[in-house]
Amino acid sequence: MRGVDISIAIGETVALLGPNGAGKTTTIDMLLGLSRPDRGEVSLFGGRPEDAVRSGGVGAMLQTGGLIKDLTVREAVGMMASLYPHPMPVDEVLEVAGLQEVAGQRTQKLSGGQTQRARFAVAMAGDPRLLVLDEPTVGLDVEARRAFWLTIRRFTARGKTILFATHYLDEADANADRVILLSKGRVVAEGPPTEIKARVSYRTIRTTLPGVPEAHLAQLPGVTGAQRHGEMVTLTCRDSDSAIRELLRSHPQARDIEITGAGLEEAFVQLTGAGDGAGDPSEADGLREDRLEAA
Amino acid sequence: MTTSQPVPTAGRMRAGYLRFEVLRILRNRWFLVFSIAFPVGLYFLIAGPNRDVDNFLGSGLSAPLYYMVGIAAFATMSAMLSTGTRIAIERDDGWNRLLRITPLSPGTYLVAKIATAYLMVLISIALLYASGILLGVRLPAAEWLWMTALMLIGLIPFAALGVFLGHLLKSDAVGAAVGILTGVLAFLGGTWFPLGDGVLYQIGRLLPSYWLVQASHVALGGNGWSAFGWAVVGFWSVLFGVLAARAFLRDTRRT
Chain S
1 MRGVDISIAI
11 GETVALLGPN
21 GAGKTTTIDM
31 LLGLSRPDRG
41 EVSLFGGRPE
51 DAVRSGGVGA
61 MLQTGGLIKD
71 LTVREAVGMM
81 ASLYPHPMPV
91 DEVLEVAGLQ
101 EVAGQRTQKL
111 SGGQTQRARF
121 AVAMAGDPRL
131 LVLDEPTVGL
141 DVEARRAFWL
151 TIRRFTARGK
161 TILFATHYLD
171 EADANADRVI
181 LLSKGRVVAE
191 GPPTEIKARV
201 SYRTIRTTLP
211 GVPEAHLAQL
221 PGVTGAQRHG
231 EMVTLTCRDS
241 DSAIRELLRS
251 HPQARDIEIT
261 GAGLEEAFVQ
271 LTGAGDGAGD
281 PSEADGLRED
291 RLEAA
Chain F
1 MTTSQPVPTA
11 GRMRAGYLRF
21 EVLRILRNRW
31 FLVFSIAFPV
41 GLYFLIAGPN
51 RDVDNFLGSG
61 LSAPLYYMVG
71 IAAFATMSAM
81 LSTGTRIAIE
91 RDDGWNRLLR
101 ITPLSPGTYL
111 VAKIATAYLM
121 VLISIALLYA
131 SGILLGVRLP
141 AAEWLWMTAL
151 MLIGLIPFAA
161 LGVFLGHLLK
171 SDAVGAAVGI
181 LTGVLAFLGG
191 TWFPLGDGVL
201 YQIGRLLPSY
211 WLVQASHVAL
221 GGNGWSAFGW
231 AVVGFWSVLF
241 GVLAARAFLR
251 DTRRT
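Which chain is which? The protein sequence lines are S and F, in order.
Mapping of the first sequence onto the numbering used here: position 65 corresponds to residue 65, and the numbering continues sequentially without gaps.
Mapping of the second sequence onto the numbering used here: position 208 corresponds to residue 208, and the numbering continues sequentially without gaps.
The set of hints was computed from the structure by calculation and includes no laboratory data.
Cβ coordinates follow ideal geometry from the N, Cα and C atoms, glycine included.
Do not rely on the hints blindly, as some may be mistaken.
[As the list claims (entries may be wrong)] Using C-beta positions, here's what the derived DEER-type ranges look like:
id, chain 1, residue 1, chain 2, residue 2, range
1, F, LEU145, S, ASP38, 53 to 59 Å
2, S, ARG106, F, ALA149, 34 to 40 Å
3, S, LYS69, F, LEU57, 40 to 46 Å
4, F, VAL242, S, ARG106, 37 to 43 Å
5, S, GLN105, F, ALA149, 31 to 37 Å
6, S, GLU143, F, ALA10, 41 to 47 Å
7, F, ARG138, S, GLN105, 53 to 59 Å
8, S, ALA174, F, ASP251, 36 to 42 Å
9, F, VAL22, S, PRO89, 19 to 25 Å
10, F, ASP251, S, ASP38, 43 to 49 Å
11, F, VAL22, S, THR156, 33 to 39 Å
[Claimed, not checked] Taking lysine-lysine pairs in the BS3-like style, the calculated list, with each CA pair at most 27 Å apart, reads:
id, chain 1, residue 1, chain 2, residue 2
12, F, LYS170, S, LYS109
13, S, LYS109, S, LYS69
14, F, LYS170, S, LYS69
Only chain F is shown next, with the shape it has when bound in the complex (with noise of 0.2 Å):
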């Protein structure tokens, strides 16, 4: 098309607002630092000296691809929690009241937040898949892809936990429960080491980190998630997301 068509207006207004969103994450330093640079860094550390273990304590596993996913997991999900601690801090600033007098609808808000999360989500794949094949994992294309649609996939109920703290706490508060949370999800799940089948496992099942990090399971073969994975994420993507979108719209609801 050579004629110039005007831009719908709605979408011009995502496309902006979204292109605001990234580059205010990209200057946020130590956002970067602890979310993308960090986990890239403890993965060498744990993994680096563990390259040669072809069938990690027992998961099946190599060590490189076990910590990979392990991290990633950890690294997503805590990315995907901190949507939360950015909208409390928006909340507190008074910033989201003052986009409720914009055009901008509260919705295309929510689905920015997300979709800049899911940005460093994939950023954070990227550079810890990298990292993995400097350690030796190699898996057909087909797996790779798939095991990052499970990730993907898994960090629905993190998203929707994100938005539900976020519009639930005030900033200080939210980023103590996403500490918190991140590290006992992460152990639960399964990040540092593989739970085995004994009280550990029959929590940690139960819980949608052990799901994300299960997603390197698609190098055994098969399609990583049991049918009773699929209904763990199902459960709590639909529980936070109840969640989520009652604190969101008693939150931006006109009294």
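Looking at chain S on its own, in the form it has when it is part of the complex (with noise of 0.2 Å):
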């Protein structure tokens, strides 16, 4: 991690949004006291991870494990209560998760989405002011994990902060207050959904055109980059509606021509790129500090 400085507040919903092997499970180590940064400070309701975690502060659901093996989800469930001060009834952590049905299954036996929900169970268990959740939805069809993020609005109903990490763009959209934009251990962007999406203006235009040189297209306006495949040209465009003009008034002949959004890839080349363009100098040196902060 290179200089990340986040804050949460009591009742938040944040996304930690970012690829793999971006930072987000290092912050969320760093966070709940699983590891130390080298530099900097992690602060949880105002004092050391691990106090806020002995006082049962903390529930977290992370990337692996976390589902007991041998015991039913109902004693699974029971088994993290008995471990906090003022844990969840058990029948209310399985009706808000959506378990009654499988209350009675030892945990090794539940489908993919029922695992996910009775980890999500377990770390709602105790009650905690904080929930951290890890990649919850990963591996779950897009059914499951909707049917995941009805459970987890039941629990943010009770008022509770959680942070969650993810990989799809979509998720943290439709789940966030903030989202905080990770890449390569650092903030890249952070703010509301509607905000973030706004920065990642980045369009692709895809079109058949042969005979036109690679670096001639680049020059177009509100193009940043152009690949060709064989007869196709890829342009990657920051501004695609003055590049869609000019293609087509210069280079007429142009056919098959189709506009997509970006996706998550293209939307942090966008972002980490005008960052490094910015030229931080404390980051050069290796001397930017983390500072995490929670509540």
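Dock chain one against chain two, each of which comes alone in its own frame, and use the hints as you go.
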């Protein structure tokens, strides 16, 4: 992590968004006190993460594990609840998580979606003030993801603070009050989803256009890059409106035109690119501190 | 007291965690078969045909008594070391990491694991004692108790070794290590036959497993263990205790 400065207020649902390797899990580990930053500070409810953890203020769904074997769903929830000073009633947890029907089943016999909901149930069993979810819906199909988020919203309705990591842009968009965009251990953008989306204006134009050199196309207004694959040309655009007007004016023979919005990967290219251009001097000498703060 | 008092949180937590630990181990059918039923079957198979041997290979003990304690030593050290397997599996599964962000302290986790292993040990010993009585073993109450106490003390090095292995190795490696260690230590400890006074004895008497088996010598009068025996058990307890503590702290420290 290189100079991450994040604060989260009580009652907020915040998404940590970034591709694999961006530092989402590292950030979460530091916030939970599972690891320490080399430099900088982490504070949770105004104290050390260890103290917040010890007082039962935190629940988490980490990327791996968390569903203990040889117990029923009800027992696994009960086991976790027994570790916290003021747990939620087990029946209520099962209801919120939609697990009543499988409450008597062994944890190792659940489907993928049920497993994730059970892991979530275990995380909220202690009724923690902060719930941290590290890629909670990874590996779930669209339907299961939707059901999972309905569950989470029933929990946030109780006034809880939630921090979740994801690499699905739409998931962050639909569920977070605020999005923190991470890339290579740095915060590249932060704000409400609508604001972030507005900043990700990258579009791609694909067209069949033989005989025009890439270098020439890259010069078109609004275009930041051009790539050729045989007769196909792919233009990466900062301003696709200007680009398409000029493209059609100067190369009317272009056909099979397709304009698509940027994927998350392209969004990152744009947002990290902008950051590098600014040339942050404190980063160069490697003296940046990490500062994490929740509630 | 008729007024209901709030249960102290730490106590409730320990009790809650321990209860589910025990529940889990009792649900693990194969673990029960191997650590409890298998030794009893083995005992009848080996000691049964020799039930009338009064002085088993010059040990001064009857074969049913010798094997009762010998096999109990084998079963209980294996149950103790399997704590390592269970810790390693939970580390591999990420369960330990999750526990670290709950109010449960790593120390309580460890205590619960060891307490659960001791519970299995007690069940195993009780069943083997019952089997021994069926094959004619008769001892005064004080000797039963002292013998049991020596075994529980003699298992301390194995409890520590299990924790050490569990925090040092991955689960598949721990499984292999526990299997080999149990086999070798049981053999050199005299589980299967008395070691006599040759080379095997010279090696065996330095091992904690030997003194576990020697708990049966309570029946010969005296205290069962010599001063040397206490020193050996103490030495391994401290050594494995230190190794276990270091592995445990390194594994749970926040880096």
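Verification of the supplied hints:
Between F/LEU145 and S/ASP38, the C-beta spacing of about 56 Å keeps the proposed range 53 to 59 Å intact. For S/ARG106 and F/ALA149, the Cβ-Cβ distance of about 38 Å falls inside the hinted range of 34 to 40 Å, so the restraint holds. At about 44 Å, the CB distance of S/LYS69 to F/LEU57 agrees with the hint of 40 to 46 Å. A beta carbon spacing of about 38 Å between F/VAL242 and S/ARG106 agrees with the range 37 to 43 Å that was offered as a hint.
A hinted range of 31 to 37 Å is violated for the C-beta pair S/GLN105 and F/ALA149, which are about 42 Å apart. In this structure the supplied range 41 to 47 Å holds for S/GLU143 paired with F/ALA10, their Cβ-Cβ distance being about 43 Å. For the hinted restraint 53 to 59 Å between F/ARG138 and S/GLN105, the CB-CB distance of approximately 49 Å leaves it violated. Checked against the hint of 36 to 42 Å, the pair S/ALA174 and F/ASP251 passes, with Cβ atoms roughly 38 Å apart.
Between F/VAL22 and S/PRO89 the beta carbons are some 23 Å apart, a value that agrees with the proposed interval 19 to 25 Å. Remark: the range hint 43 to 49 Å for F/ASP251 to S/ASP38 is contradicted by a beta-carbon distance near 21 Å. Restraint check, F/VAL22 to S/THR156: a C-beta distance of roughly 35 Å satisfies the suggested window 33 to 39 Å. The suggested pairing of F/LYS170 with S/LYS109 holds, with an alpha-carbon distance near 24 Å, which does not exceed 27 Å.
For the hint linking S/LYS109 to S/LYS69, the alpha-carbon distance of about 10 Å falls within 27 Å, and the restraint holds. Restraint check for F/LYS170 and S/LYS69: satisfied, since their Cα atoms lie roughly 18 Å apart, inside the 27 Å limit.
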